[in-house]
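Please work from the sequences and hints to get the whole structure.
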Amino acid sequence: MKKIGLFVNPSKKKAVNLAENLIRWLKENDYVVYTDKNVADKLGFPVEAKSLEELAKSIDLAITLGGDGTLLAIARKMAPHDIPVLGINLGHLGFLTEIEVPDLFRDFEQLKANKYNIERRMMIEAQVLRENKIMEKFLALNDVVITKGPFARLIRLKARVNDAYIDTYNADGLIISTPTGSTAYSLSAGGPIVNPNMELLLLTPICPHTLQNRSIIMSKDDVINVQILAEHQEIMLTVDGQQGYELLPNDKVIVKKSDFYTKLVRIKSRSFYDILRKKLRESNCQ
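Numbering (the numbering used here), first residue to last: 1 to 286.
No incorrect hints appear here.
Dumping the calculated DSSO-like pairs for lysine-lysine here, alpha-carbon to alpha-carbon at most 27 Å:
| hint | residue 1 | residue 2 |
| --- | --- | --- |
| 1 | LYS263 | LYS50 |
| 2 | LYS268 | LYS13 |
| 3 | LYS112 | LYS3 |
| 4 | LYS77 | LYS42 |
| 5 | LYS13 | LYS37 |
| 6 | LYS268 | LYS112 |
| 7 | LYS263 | LYS2 |
Think of the hints as simulated: they come from the structure by calculation, not from any bench. Remember, predicted model here, so these are calculated numbers, not experimental data.
Have a look at this one:
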């Protein structure tokens, strides 16, 4: 993996300075480095810049410099091109990012020596149907969420799995997540923690009106169909907490396992449970 695409979140403190140091190291070690124009303009020396679409066709490895959010955004772009992603953590809780700043160059020596593994993470795809017409398609690594707008009103969501009726939820919304997304919004809504190496779908209601509504774990082969029964406006579909699409009454959201996978580069020999224990402890200390 000698052709590197570097994706930087410039809003993170010291991100640009760290990017400059990393690019120097990569070039000194015979890597070819590209980045996007917004980042290239902020660097203190010239680096070849390409559009995101061009980068996806030119690189062997995507490196993200930010937090889990930065990695999520790039993962959705890289997955259809089968490009692995390596995350450097400049955020707080990094379940997806692999490298911490103090270990940066030591870990990159491991990468250079080909001492790494590739971990495949299941993704999901969502379609918005309006009068049986596909309005939009989305790809997600963490989750797709149907949620109410700013007003304190419940929404009614009719959920089916394959041909079976599940329930009509009176709630603030529904989260449909992957195992990777089980430690994100779904966890905050009371959903279970799932080992991200598994392949399944997780349906979790947000603040349901009745106590009987609980998370449901479903097969990776199931297809979830959610119909919007609410009559009021301002109902949103959000994807990985980053993309949004306004839903209308009677719209349907169809969610199923994607054919694409996010490929995460893993250098450290850490189990998910070690990471989970550490991250949950950190979150309790904040």
